[in-house]
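Undergrad: The residues making up each chain are set out below.
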Amino acid sequence: MSAIGNLSSNPNQHARSGIAAWPPLLRILTLATIIAVAIGLYLGLFYSGTDIDQGQVQRLFYIHLSAFTGAFIAFCGTVLGGVQYLRTRNVQWDSIALAGAEVGLALSILNLVTGMIWARPIWNTWWTWDPRLTSAAIMCLTYAAYLMLRSGIENAEQRRRFASIYGILAITTVILTLMITRIRPDTIHPVVIGPSVQNPNAEGAFEFSERMSMTIGINSAIWSTLVPVTLMWHRVRLQNLIERVNALKAEVLNK
Amino acid sequence: MNTPFFQAAWAILRKDLQTELRSRELLSSMGLFALLSIFIFSFALELDRIARQEAISGVLWVTVVFASILGLNRSLAMERDQGNLDAMLLAPINRTAIFLGKLIGNYLFALTIGLLLLPVMTVLFNMSLIQPWLLLVLVLGTLGFSTVGTLLATMTVQTRARESLLPILMLPIALPVVIAAVKASTSILNNVPMGDWIAWPQILVVVDFVYLVLCFLLFEFVIED
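Chains as they are written, first to last, in our numbering: chain S, 142 to 396; chain D, 180 to 404.
The set of hints was computed from the structure by calculation and includes no laboratory data.
Keep in mind that the hints are not guaranteed to be accurate.
[Claimed, not checked] Covered stretches of chain S (chain D as the covering partner; in silico rule of three or more C-beta atoms under 8 Å from a C-beta of chain D):
(1) 163-177
(2) 307-321
(3) 349-355
[To be verified] Selected chain D positions facing chain S (in silico; Cβ < 10 Å):
(4) R228
(5) A230
(6) L330
(7) L397
Where a beta carbon is used, it is the ideal one built from N, C-alpha and C, also for glycine.
In isolation and in its complexed conformation, chain S is listed as follows (with noise of 0.2 Å):
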């Protein structure tokens, strides 16, 4: 939070440079996001080995989950930046709350192209309506209507406080999302993570072999922490910025 609070407190400073002031810690982040992006593709695509049933468009599945997991991240971010606003009203919960949004849309959309491009030849088909595809669908949907929520709404305050209910409120289609292959047993999706019993009707599960394990925790690792916690902080810069400009311009307007 506090190298957050650094932006705004000293506007001046990065108006003059620019870009040059990136944070140390938010550079060393970006760089670091690259590069682990960068080795869990690797993973994915060459140490890893080919799945015998699926062949190569198993190896998107490295991503389809870890986009989720990534997603539910920034969901959760929503939900925390909204309910320290509606207790604080720091400004700058409410720009983490709105990151969080924007970046676990953009992943959990990355998320449904992904799991489409592998049901085409597991399924047969780009989309069927299976309960899980369709919450999903549904999440991203709800995240946009946050987004319209917000565009819709004039005055700063109300906007910010209204989207902090909404972002609290959306995030029970996230966890109807996680939840819905075990309440409805009737999807063809397969159930990947937990103790679960392996559904019978679920099509396209696959084995672990050792290196398949490793590739999956590493990828889901790097993704749930390094992509949604650098994209957020980036997010939350330019929300800064976006406020400076408006504050300048209203300056400029009012002499």
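With chain S held as given, fit chain D onto it using these hints.
TA: Positioned in the frame of chain S, the structure of chain D alone reads:
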């Protein structure tokens, strides 16, 4: 000095019911909409005898949800247009009492529409929808989305987009309620043994409870200043 909590909520509820008894504005528009929606569904889906078994509970719930969105928008827009929302904020009452009063009113209207639809659909589709368990599911399901609906409608009437924003915000959040309600109703109407579907009403109770707690906590932030 504050008016006691339940007295304030009861006053708001009584005001809503009295207005409705005199004008019948909400219930008549909701009821007419619900009837039209059923006719449109029966043509669009070409409901023959077998298709009905599967589809009828979906038709019932979609109709009730849409009709209640219509009612929610009206009910909160009336508060805002005539300045009553500000008046209630000025009154020395607990903010949560406003929510409770509005919630019970909206809930009763949605439930009334649902209860009216049961005999109508029983006649039109020649299937018995009047069953005790279905009534229970109706009571639980309408409570769930009336709760989130009341909270979100109080938000959307204060925005620029107003009426058009409520369905977009409410439908995804109400989805867990609707899924559970539709699954339970379909099983009940198809005479599935109780052990196979009793989990759905239980899920409904849990979801209702979670939404009630969340919305009561969040409401005071919806109507600040």
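Undergrad: Need the list of violated hint numbers for this structure, in ascending order.
TA: Result: hints 1, 3, 4 and 5 break, sorted rising.
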